[in-house]
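Q: Protein chains in written order, with my numbering: chain A, 1 to 641; chain B, 642 to 809; chain C, 810 to 1170; chain D, 1171 to 1275.
Read the hints as simulated data drawn from the structure, not as lab findings.
Be aware that one or more of the hints could be misleading.
[As the list claims (entries may be wrong)] Computed cross-link-like contacts, DSS-like style, restricted to lysine-lysine with a CA-CA straight-line distance of at most 25 Å: (1) C/1018 / C/1130; (2) D/1199 / B/722; (3) C/1130 / C/1147; (4) B/804 / D/1261; (5) B/767 / D/1199; (6) B/718 / C/903; (7) D/1261 / B/728; (8) B/730 / D/1261; (9) C/1018 / B/767; (10) C/865 / B/718; (11) B/722 / C/907; (12) C/967 / B/722; (13) B/718 / C/967; (14) C/907 / C/967; (15) B/718 / D/1261; (16) B/730 / B/804; (17) D/1261 / C/1018; (18) A/573 / A/179; (19) B/730 / A/610; (20) C/903 / B/722; (21) D/1199 / A/610; (22) C/1147 / B/804; (23) A/122 / A/62; (24) C/1130 / C/865; (25) B/718 / D/1199; (26) A/28 / A/179.
Note that the structure is predicted; figures quoted are calculated from it, not measured.
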Amino acid sequence: MQTNFSYTIWIPLVLLASFLVVGLFGDKLRPRLSGLISTVVILFGAVLSYWTAFQYFLVNGKADGVYQTIVAADYEWLRFYDTLAIKMGVLLDPISIMMLVVVTTISSMVHIYSFGYMKGEKGFERFYAFLSLFSFSMIGLVIATNLFQMYIFWELVGVSSFLLIGFYYEKPSAVAASKKAFIVTRFADFGFLVGILLLSYFTKTFDFQELMQPDNAAIAEMAGLSFMGMSVLTLALVLIFMGGAGKSAMFPLHIWLPDAMEGPTPVSALIHAATMVVAGVYLVARLFGLYALHAPDALSVVAAVGAFTSLFAAVIALTQTDIKRVLAFSTMSQIGYMMLALGVSRYGGTEGLGYTASMFHLFTHAMFKGLLFLGAGAIIHAVHSNEMTDMGGLRKYLPITHVTFLIAALAISGIPPFSGFFSKDIILSAAYEHHPVYFWTGWAVAGLTAFYMFRLYFSIFWGENREYEHKPHEAPFSMSFALIFLGIMSAVVGFIPFSKYVSSDLMPYETHLHMNVAVLSVVVAVIGIVVAAVMYMKPGGAADKVVKAVPGLYKLSLHKFYIDEIYLFVTHKIIFNYISRPIAWFDRNVVDGSMNGMAWVTNKVSNKIKGLQSGQLQQYAFVMIAGMVGLALFVLYWASR
Amino acid sequence: MERLIFYILALTIILFSVMTVTSRNILRAAIYLLFVLLATAGIYFLLNYNFLAAVQLTVYSGGVVVLIVFAVLLTAKIDHKLEPVNKVKSALTALLAIIGLGAILWAVFGYNFTGNGMAEGAYDVKAIGSSLLSYGQYGYVLPFEVISILLLAAMVGAIMIAKRYKND
Amino acid sequence: MKEPLDLTPLTQSIHDYLLSYLSPFWTTTVEWVIIGVLLIAFVALSVMGLVYIERKVAAFFQLRLGPNRVGKWGLLQTLADFLKLLMKEHITSKNADKFLFNLAPFIIVIASFLAIGAIPFALGLQAMDINIGLFYITAASSIGVLGILIGGWAGNNKYSLIGALRSGAQVVSYEISAVLSLLTIVVLSGSLQLSTIIESQSDGWWIFKGHLPVFIAFIMFLIAGTAETNRGPFDLAEAESELTAGFHTEYSGIKFAMFFLAEYVNLFIIAAVGATVFLGGWMPFHIGNWAAFNEVMNYIPPVIWFFFKVGFVIGLIMWFKWTFPRLRIDQLLVLEWKYLLPINLVNLIVVAFIAMMGWYF
Amino acid sequence: MIEGIGVTDFIVVATIMFFVGVYGFIVRKNLITILMSVELILNSVNINFVAFNKYLYPDLLQGYMISLFVIGIAAAEAAVAIAIILNVYRKLQGIDVEHVDTMKY
């Protein structure tokens, strides 16, 4: 007996309603009331999600030991012709339910947290309206039944991210950052769209379930069709991955994410750490059957990009001083981890360990990274600065923030028994089984992660005691509640036996701690922490000496390997100078010239003949009637002959 | 009897039409137009199209002509004579009109009009009303709706055009 | 149960009699002449009566005696006035447009006569009973406003021009409300034919059968009708203190008398239409199943009933005139467009709903 | 149907009326007279419709309905036209069609 899951349709719908109500009438309501509406609605969504998860995982999601893919609702939205229609619906399977839980949980926490953080800000109700819109779009994305629905909500997520990054639209940097984020992700989404078109052109469907059918003839045909040295399917999937890479800030499409920190900190926590940026991971996971079974080459691309990005971002994170930027690069690095895990995974059973690992890490990462950002928000709230150099010795002033931040830092560093340890461990073991290069990259990144996180931790909470303009104070209850809740979550979610619930072929299986890997990763993490402690715990630590020792490397990292500058160079210097300028010259002189010549001729001629058009209605009428009568006479004459 | 009335009405129509367009006193022209329209309504009554005739009376005579008279009252002075028309222009136009008239009458008299020989249908208000609002064949709900939108648009437009703005 | 007195046999016998001596063409002509003469005679008499009554009513309201010199209780006063007007000089002001100046009174009077032709005085006593009778009456009376406008303009007097513009705007505006309130009954009875409308009230007048909405419609009709006839308190076109006598300032003698005549004919038409549509026309007054009472009522001939009701409505309108103070022109238009018209529209919808659900008796 | 009167008689009347309207429309200069000429033209068309309806297809209502709609349109047209005329009068202190040329080239 299957449970009826059709109520899940209400999760996005109530959020949409809340967006409409708060968005349209927000300025009529009192700000706190509109915030309350949004918060109550998202809490309602969270409760529904938990109930769904409970029903699905623990009561009766399984049939014969296999998790079922349930289409809880399906409505036809737009029909193109009789075999192709775009539908809107709710698809429930382990990963979508997991994402539902993640999104609604983090979103609820951010809603609650923002009560304190955004208090008294201009546009309080606008903020909540956008939050509702974002939650609606994100949920629409994760429960999509088909690629096109996913694409629609994908863009909606992009829009709401744009709106939220540019929330302080009076700040030029925020406007620039929102534009940058939008343009870069749009650029990536172009790849996504082309991938979708390619895929649907061959398979004549958007539906995930039909796409995933193992004996899909169209897929096999696509896989066999070769184009530019790789199969069309691989091409399509790489293009789709490009969309995912854009949204997930994979190298080289990552440049928008650090700038996106211009948005309010709760937004960074919600969108740019916990939920939206993992949409790319989710997308690959959603289509994992296609990747793993038909296009292993595309999966290699995913793995390579993921591994490189994680290392690259971790190195940059070492030297950044803006705490939100450190966290942003850390996010990139961790998402690279997830991509790596997906890339090294194969389909089915224990082969699919990487898949489980990736989803597990997504889950735990959402908790502790959300917590880190919210903690950073609390710190910024207290100190009114983003710069690490302005902080120090804050542990006395912000005890709750301190403890929760420590938990999160330990979790992300992979220290047992916090959640990050478990997920990182299975990622590393999956990588280990696939290829040693990936394993050692991941291992190194783990060490770097521990180092930069504790660099952050020690510089903020230890280090020298500074004089503050006014005494930093602990955040209000609404903020610390979210911190505590997420702190507990970060500490305990690692104990969930994830492989029992999420696996590449929906079949539960057992995982065990891989002892060698675990020891290695814990050792490297502890080394990272100790080094960070030595360098940053005491004022005037060893940090400066290290910087002096390798100045080139330091500068390179500080300037994020000059990627932004390279982009600017390519666009401004090369494209503008050598391509745009000649085209502009051609346009101005040849194209415009001929047009102007035509206009000139027309002008001259019309000046000569404009007397014909007298503007006198009656003259026109006379001519018209005369013409009519003439025509009538002509026709009559012919008719009478 | 009816024939006699028809001839009287036809004569009225033709005579006053000509007077409408030739009169140099604008309010008189409007009154001649009124007579033309009344005679037309008379023809409709004669054809037993009572409802149409009453519509003609209400809308044309009671509405359009009143509007025109209002406009005249607001724009003309009583001793104001319209300037005489340009002789050449008038002659040319008259020639054109006569040629056109001749052409059409020639065509009309050369053609044998034959009806479908059916019995007269129902023209009472109920039949007209249900036909106006029916969807089926010979239902006029679409033009009816279009006309209502048009009238609304005309009303809004007329108000907006004739409105006096503060800076005027 | 006694049938109401039917006058159809009478008219039919006259028709047959004429037909036996004359060709159909001449029969029709002679009948028209008879009807015309009868109507003119009736109108002349009733207007004289109405003027006398109005003066008496006015006197009563103002605690005066009113006309009391000519004839018994001043009964012949209006006749004397009429004779005086008939003999007065016809004055036409300088630069007046003579043709239009002379035409205007005729337009008004003709419009009134066109309308009165369709009024059912009693069962079988109706000059023409066409299938769109009610619509025809409103259509015909809508022409009258042109006479006002032309008359005001042709006199070459700025006061009369202003008066004409005012009355024109007033009549055109209030006509909408009048028609809308009449439409409620058309919706209920399902016909525009006056005889059918009267027939539909044989079991009770609409004002009793149609609940509150019809009562509202009746009130609206009275207000709009009063305004349409340019009577007080809506007689600002003739506001003596501002515009002397309004659009007919320049008229004198018999032409003035024609405007005067038309005004009272219009009053009669409004009252007659109101009585016919809302108060059952010539239908006798019946109360439920009081058979004896109803039988007694049936003995009163329909003509008497009709004139009784018309008199009632006219009395109401006269009462208004001498009770309420005069409105200003902007108040007048605001009253119509912002109050009466919306109320009427909503009321019409309500009545349509009632008719659809069959919620009337 | 009228005894002894055929559909052509109606057409003759309507046609004369139509061309008189055309003549007025072209020759007269006053905007209001032009408007009146247009009304003549519309009215002549109506007569045609009604006559055809009555004589040729007496069982149908098409000509009748079209005439109703034409009357409705004529009313709308007159309202807008007169609003424009009054506005022109206010701006230019005259309603000669030849004066309304401020937007001419």
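Q: Please go over all the hints and tell whether each is borne out by the structure.
A: How the hints compare with the structure:
Simply put, residue 1018 of chain C and residue 1130 of chain C have alpha-carbon atoms about 29 Å apart, too far for the 25 Å limit, and the pair is violated. At roughly 12 Å between alpha-carbon atoms, residue 1199 of chain D and residue 722 of chain B fall within 25 Å of each other, so this suggested pair holds. A C-alpha spacing of about 22 Å is found between residue 1130 of chain C and residue 1147 of chain C, which places the hinted pair at or below 25 Å, so the restraint holds. The suggested pairing of residue 804 of chain B with residue 1261 of chain D holds, with an alpha-carbon distance near 13 Å, which does not exceed 25 Å.
For the hint pairing residue 767 of chain B with residue 1199 of chain D, the CA-to-CA distance comes to about 44 Å; that exceeds 25 Å, so the pair is violated. Proximity of residue 718 of chain B to residue 903 of chain C is assessed by CA-CA distance (about 14 Å); at most 25 Å being required, the pair is judged to hold. Distance restraint check for residue 1261 of chain D and residue 728 of chain B: the Cα-Cα separation of roughly 30 Å exceeds the 25 Å cut-off, and the hinted pair is therefore not satisfied. Of the supplied pair hints, the one linking residue 730 of chain B and residue 1261 of chain D is violated, its CA atoms being roughly 28 Å apart against a limit of 25 Å.
A threshold of 25 Å between alpha carbons decides the hint, and for residue 1018 of chain C with residue 767 of chain B the separation of about 23 Å falls inside it, so the pair holds. Of the supplied pair hints, the one linking residue 865 of chain C and residue 718 of chain B is violated, its CA atoms being roughly 42 Å apart against a limit of 25 Å. Annotation: proposed proximity of residue 722 of chain B to residue 907 of chain C holds, straight-line Cα distance about 15 Å (limit 25 Å). About 19 Å separates the Cα atoms of residue 967 of chain C and residue 722 of chain B, which keeps this hinted pair within 25 Å; it holds.
Of the pairs offered as hints, the one joining residue 718 of chain B and residue 967 of chain C holds, with about 11 Å between alpha carbons and a cut-off of 25 Å not exceeded. Of the pairs offered as hints, the one joining residue 907 of chain C and residue 967 of chain C holds, with about 17 Å between alpha carbons and a cut-off of 25 Å not exceeded. Using a Cα cut-off of 25 Å, the hinted pair residue 718 of chain B and residue 1261 of chain D holds, with the two alpha carbons roughly 18 Å apart. For the hint pairing residue 730 of chain B with residue 804 of chain B, the CA-to-CA distance comes to about 36 Å; that exceeds 25 Å, so the pair is violated.
A threshold of 25 Å between alpha carbons decides the hint, and for residue 1261 of chain D with residue 1018 of chain C the separation of about 55 Å lies outside it, so the pair is violated. At roughly 21 Å between alpha-carbon atoms, residue 573 of chain A and residue 179 of chain A fall within 25 Å of each other, so this suggested pair holds. In summary, the hint linking residue 730 of chain B to residue 610 of chain A is supported, as the alpha carbons are separated by about 22 Å, within the 25 Å threshold. For the given pair, residue 903 of chain C sits about 16 Å from residue 722 of chain B by alpha-carbon distance, which is consistent with the 25 Å threshold.
Among the hinted pairs, residue 1199 of chain D with residue 610 of chain A is consistent with the structure: their alpha-carbon atoms are about 23 Å apart, no more than 25 Å. As the CA atoms of residue 1147 of chain C and residue 804 of chain B are separated by approximately 18 Å, the hinted pair is consistent with the 25 Å bound. The straight-line distance between the Cα atoms of residue 122 of chain A and residue 62 of chain A is roughly 49 Å, outside the 25 Å bound, and the hint therefore fails. The hinted pair formed by residue 1130 of chain C and residue 865 of chain C meets the criterion: a straight-line CA distance of about 13 Å does not exceed 25 Å.
With a C-alpha separation of about 16 Å, the suggested pairing of residue 718 of chain B with residue 1199 of chain D holds against the 25 Å cut-off. Of the pairs offered as hints, the one joining residue 28 of chain A and residue 179 of chain A is violated, with about 29 Å between alpha carbons and a cut-off of 25 Å exceeded.
Checked against the numbered hints above, the structure breaks hints 1, 5, 7, 8, 10, 16, 17, 23, 26 and satisfies the rest.
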